[in-house]
Amino acid sequence: MKVPVKVTVNKKPYSVEVDTRMILADMLRDVLRLTGTHIGCGTGSCGACTVMLNGETVKSCSILAADVDGQEVTTIEGVSNGANQLHPVQEAFVQHQGLQCGYCTPGMILSAIQLLKENPNPSESDIRHGIAGNLCRCTGYQFIVESIQAAAKAGVKV
Amino acid sequence: MKQVGRSVPGLPNRLLVSGHGTYVADVSLPGMCAMAVLRSPYAHARIVSIDTSRALAAPGVVYVLTGEEIARETNPIPPVADPGLYGGKSLAVRALPTDRARYVGEPVAVVVAEDRYTANRALELVDVEWEELPVVSDAEAALAPGSPLVEPSWGDNVMMHKEFTRGDARAALAAAGGRVVRGVVKAQRYVAAPIEPRAYAASWDAYAEQLTVWSSTQNPHPLRVFIAETLGIPETMIRVIQPHVGGGFGQKVPTFPEEIAVAYLARKLGRPVKWIEERTEHFLAGGHAREEVLSFEAAYGPDGRVTALDVRIVADVGAPATFVGWAMSYVTAYCVPAAYKIPHCRVELFTAVTNKCPWNGYRAFGKEAASFLMDRVMDRVADATGIDRVEVRLRNFIQPDEFPYSQVSGAMLDSGDYPRALRRVRELIGAEGFPEEQREARRQGRYLGLGFGFELTPEGCSLPHTTMLSGYDGATVRVAPDGHVTILTGVTSPGSGNETGIAQLVADTLGVGLDHVRVLQGDTDTCPYGLGNYSSRSLMIGGSAAKIAAIELREKMFKVAAKALEVNPGDLDAEDGQIFVQGAPTRRIPVRDVASLVYRHAYGPEASEVEPALESTRYFRIGNVHHQPEVQGRFSAYPTWPSGACAAVVEVDRDTGFVKVLRYAIVHDSGPIVNPMMAHGNLHGGVAQGLGGALYEHMVYDDAGQLRTGSFMDYTIPTAVEMPHCEIEMQETASPFTLTGCKGVGESGVTGPLGAVASAVENAFPELNLALMETPLMPHRVWRALRDAEAGRS
Numbered sequence: 001m002k003v004p005v006k007v008t009v010n011k012k013p014y015s016v017e018v019d020t021r022m023i024l025a026d027m028l029r030d031v032l033r034l035t036g037t038h039i040g041c042g043t044g045s046c047g048a049c050t051v052m053l054n055g056e057t058v059k060s061c062s063i064l065a066a067d068v069d070g071q072e073v074t075t076i077e078g079v080s081n082g083a084n085q086l087h088p089v090q091e092a093f094v095q096h097q098g099l100q101c102g103y104c105t106p107g108m109i110l111s112a113i114q115l116l117k118e119n120p121n122p123s124e125s126d127i128r129h130g131i132a133g134n135l136c137r138c139t140g141y142q143f144i145v146e147s148i149q150a151a152a153k154a155g156v157k158v
Numbered sequence: 001m002k003q004v005g006r007s008v009p010g011l012p013n014r015l016l017v018s019g020h021g022t023y024v025a026d027v028s029l030p031g032m033c034a035m036a037v038l039r040s041p042y043a044h045a046r047i048v049s050i051d052t053s054r055a056l057a058a059p060g061v062v063y064v065l066t067g068e069e070i071a072r073e074t075n076p077i078p079p080v081a082d083p084g085l086y087g088g089k090s091l092a093v094r095a096l097p098t099d100r101a102r103y104v105g106e107p108v109a110v111v112v113a114e115d116r117y118t119a120n121r122a123l124e125l126v127d128v129e130w131e132e133l134p135v136v137s138d139a140e141a142a143l144a145p146g147s148p149l150v151e152p153s154w155g156d157n158v159m160m161h162k163e164f165t166r167g168d169a170r171a172a173l174a175a176a177g178g179r180v181v182r183g184v185v186k187a188q189r190y191v192a193a194p195i196e197p198r199a200y201a202a203s204w205d206a207y208a209e210q211l212t213v214w215s216s217t218q219n220p221h222p223l224r225v226f227i228a229e230t231l232g233i234p235e236t237m238i239r240v241i242q243p244h245v246g247g248g249f250g251q252k253v254p255t256f257p258e259e260i261a262v263a264y265l266a267r268k269l270g271r272p273v274k275w276i277e278e279r280t281e282h283f284l285a286g287g288h289a290r291e292e293v294l295s296f297e298a299a300y301g302p303d304g305r306v307t308a309l310d311v312r313i314v315a316d317v318g319a320p321a322t323f324v325g326w327a328m329s330y331v332t333a334y335c336v337p338a339a340y341k342i343p344h345c346r347v348e349l350f351t352a353v354t355n356k357c358p359w360n361g362y363r364a365f366g367k368e369a370a371s372f373l374m375d376r377v378m379d380r381v382a383d384a385t386g387i388d389r390v391e392v393r394l395r396n397f398i399q400p401d402e403f404p405y406s407q408v409s410g411a412m413l414d415s416g417d418y419p420r421a422l423r424r425v426r427e428l429i430g431a432e433g434f435p436e437e438q439r440e441a442r443r444q445g446r447y448l449g450l451g452f453g454f455e456l457t458p459e460g461c462s463l464p465h466t467t468m469l470s471g472y473d474g475a476t477v478r479v480a481p482d483g484h485v486t487i488l489t490g491v492t493s494p495g496s497g498n499e500t501g502i503a504q505l506v507a508d509t510l511g512v513g514l515d516h517v518r519v520l521q522g523d524t525d526t527c528p529y530g531l532g533n534y535s536s537r538s539l540m541i542g543g544s545a546a547k548i549a550a551i552e553l554r555e556k557m558f559k560v561a562a563k564a565l566e567v568n569p570g571d572l573d574a575e576d577g578q579i580f581v582q583g584a585p586t587r588r589i590p591v592r593d594v595a596s597l598v599y600r601h602a603y604g605p606e607a608s609e610v611e612p613a614l615e616s617t618r619y620f621r622i623g624n625v626h627h628q629p630e631v632q633g634r635f636s637a638y639p640t641w642p643s644g645a646c647a648a649v650v651e652v653d654r655d656t657g658f659v660k661v662l663r664y665a666i667v668h669d670s671g672p673i674v675n676p677m678m679a680h681g682n683l684h685g686g687v688a689q690g691l692g693g694a695l696y697e698h699m700v701y702d703d704a705g706q707l708r709t710g711s712f713m714d715y716t717i718p719t720a721v722e723m724p725h726c727e728i729e730m731q732e733t734a735s736p737f738t739l740t741g742c743k744g745v746g747e748s749g750v751t752g753p754l755g756a757v758a759s760a761v762e763n764a765f766p767e768l769n770l771a772l773m774e775t776p777l778m779p780h781r782v783w784r785a786l787r788d789a790e791a792g793r794s
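If you're matching them up, the sequences are chains A and B in order. So the first sequence is residues 1 to 158, counted in the numbering used here. So the second sequence is residues 1 to 794, counted in the numbering used here.
Since the hints were made in silico from the structure, they are not lab data. These figures come from a predicted structure and were not determined experimentally. Keep in mind that the hints are not guaranteed to be accurate.
[To be verified] Keeping only pairs whose Cα atoms sit at most 35 Å apart, straight-line, the calculated DSBU-like set for lysine-lysine is:
{"no.": "1", "chain 1": "A", "residue 1": "LYS153", "chain 2": "B", "residue 2": "LYS660"}
{"no.": "2", "chain 1": "B", "residue 1": "LYS268", "chain 2": "B", "residue 2": "LYS89"}
{"no.": "3", "chain 1": "A", "residue 1": "LYS117", "chain 2": "B", "residue 2": "LYS660"}
Make the full structure from the sequences, and use the hints.
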């Protein structure tokens, strides 16, 4: 069964029809073709699919697409302003090598932005707890932590 | 500015942080179908019948493929390394079985449908009649007489039995006058768990007669060879594209049944087909690693020198498959006794098959168990003699002037300075002040311990008789008419950053900036033939090939520049996009202008004596590999031997057994470092996987062969909270056998945490006689060891 969904994604309004079983991550990826949101587990454990729903991070594999009707979603594609104007948190990840394979990175960056929004001057421990919902298998997190520290130090407005 | 030695951020970083990478899941083609896999619910069962009619009748279902069609239409999948060629047993394995399933999760049929939801739902409409068979889920049980047989045609469950000897270990142990330590080291079953699961897509163009396969693989060219052989079509008909790969760690080396099924079905159906692994499938069937039991006896002198070592290794490699994983058991045996000189040594290996998921490659590839074993041996000798744990290692190390050093297995260790690294890591972790720190913590009721580990991680694996595992690779370097450079490599990057290091090597050789260099990898139609990414080979072998090709172009450009500047080519150097006269840098010509002369003025006075165009494809074959058979069937399979001295400080909760790593340090030696930031990043990641293995990660099966840890909630990999800050220092002893002296850093860091953490937990309770021989050191295991040790003391 399909249901109509009106949703604003990255400040752009969409009207789509989705299967009632469809998860938000699949709607973003397969219907809207915003493939920057990645799926790593499908059970809300890894955080690769993290997006913002009404300004708060959520795991988009654990939300039904039909449930975002009338709401606002921000994905990694909405974080930067084109290829030459990355978000300062993205720029910090680039410079401090806060990534390797890049698969967990979009979710990690959204969690980092959320963290800095709530706590602009986080301690190392605050940062580690702030990204504990995002698994990374490549970096051992150290350069991710350093990237977020650098972004905080630069006084990033999120 | 020279690029080598600089911490340059990864070339694909901007693309990846903005979500614009392309992974296989992002590949979408018109008319693309989705595949779903029906897996065995039993560890061992006969397939009595498969009825696909209900599934085929379901709306949206396109096709159902079973083993019967696979047997009729395809060849067995060529194994990456056939155990039969190394003294073990071979087995022809096809993508889907016709008769039996041999582990839970083994693919038995696949459904293709218009979309993924429909395909998954239709799996329950495939009716399989099963007859359960006896299960063997433990390696020792598998070796016992009368065990159920995983592969009845073999007659037993021994895939391989191997023995390496030097001197007479048994006699030396008997003559040791009781100065013998014994123990059983157990390494648990592991899974790689890259955050991107396995993913494949394929499309057939009937008019062009071309099959394009997108695979989250580490090895596009070998995969093309294997698909061609399996489908019985020429390699030229197949193009394998490796888009961005979301982590590999050895697990994404070929060849999986699902890769073959996707490729076969795209051609058969004439429609693009895609399969994205579910996380549960990764845990069930993505390939496991590491489950080994190592029983040892070691004789030592009063000075702590180990004089004899006898080790029996039993590896539980799961069911026989086309995966390369079984070879990790061989490598464990091959690496004993690692960094140490032991005159009398016997290493016996039993590679046992069971009704569990087959092993596939995983970072550290068996080397970790050998180093962990030796760390435990050294600590037990330290306990027995009262000599300091670091000192015992120092007394037994191979010394820096003794390389190349031949080990009992035929391994030829190339280079290193183990004593210097271990002494330095002792300083780095603050060992001198630690006893006071420990006493102060005790006064507060906290239990701190300091431990050491020493890892040896041979790299550049090269085995005889394999398509994929060999010590060479190729690269093409092109300088365009505008002076911009393209590098195409046979090696690939699953996120580990070798493209950046290779670009740095080539940029320096050609004297251009990194912003003028582009690296293309992972496409069999454009890149030179190469073996891809494994065994930390990409920079040291692939980078060497690229450097040789760049040197060739540099010489050619210098010839042209020399004519233009009216000097000898030997007088020239190049940097920052300029070719200039050494000692007179104002006499110069831009690389761009030289390229232009070559392409646009081929008959002119400067370029007429060189072959037109600036393009070179070269191959590099690494030294220190010896494949000539010798009396014990031994060979030198690893050209380089990076090493790492590791130290951990842990806090142990005496009441719960919970271990927290407070700080971690490693002094690592992988030769000269091209990009320190990338090398450190690889080490951080390696240490995280190592600490995961030391403390948290464990694939658990029950007696019926059912997996009990099928999700990230059960198989817990470290989060940022569990990871300590990791202090890294590089020690750079160059390998004499590689072009750049590089030894590889891709698998480093993974091994040391096992020994260091076990040693540190023991050290937190010096008053107890703790001997922790089994990982992971989960709270219940540490708690039990503490209670047993306390009971033993009272």
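Distance restraint between A:LYS117 and B:LYS660, which requires alpha-carbon spacing of 35 Å or less: holds, 29 Å
A:LYS153 paired with B:LYS660 [C-alpha distance capped at 35 Å]: holds, 28 Å
Agreement of B:LYS268 and B:LYS89 with the hint, judged by alpha carbon distance not exceeding 35 Å: holds, 33 Å
Violated hints for the displayed structure: none, as all numbered hints are satisfied.
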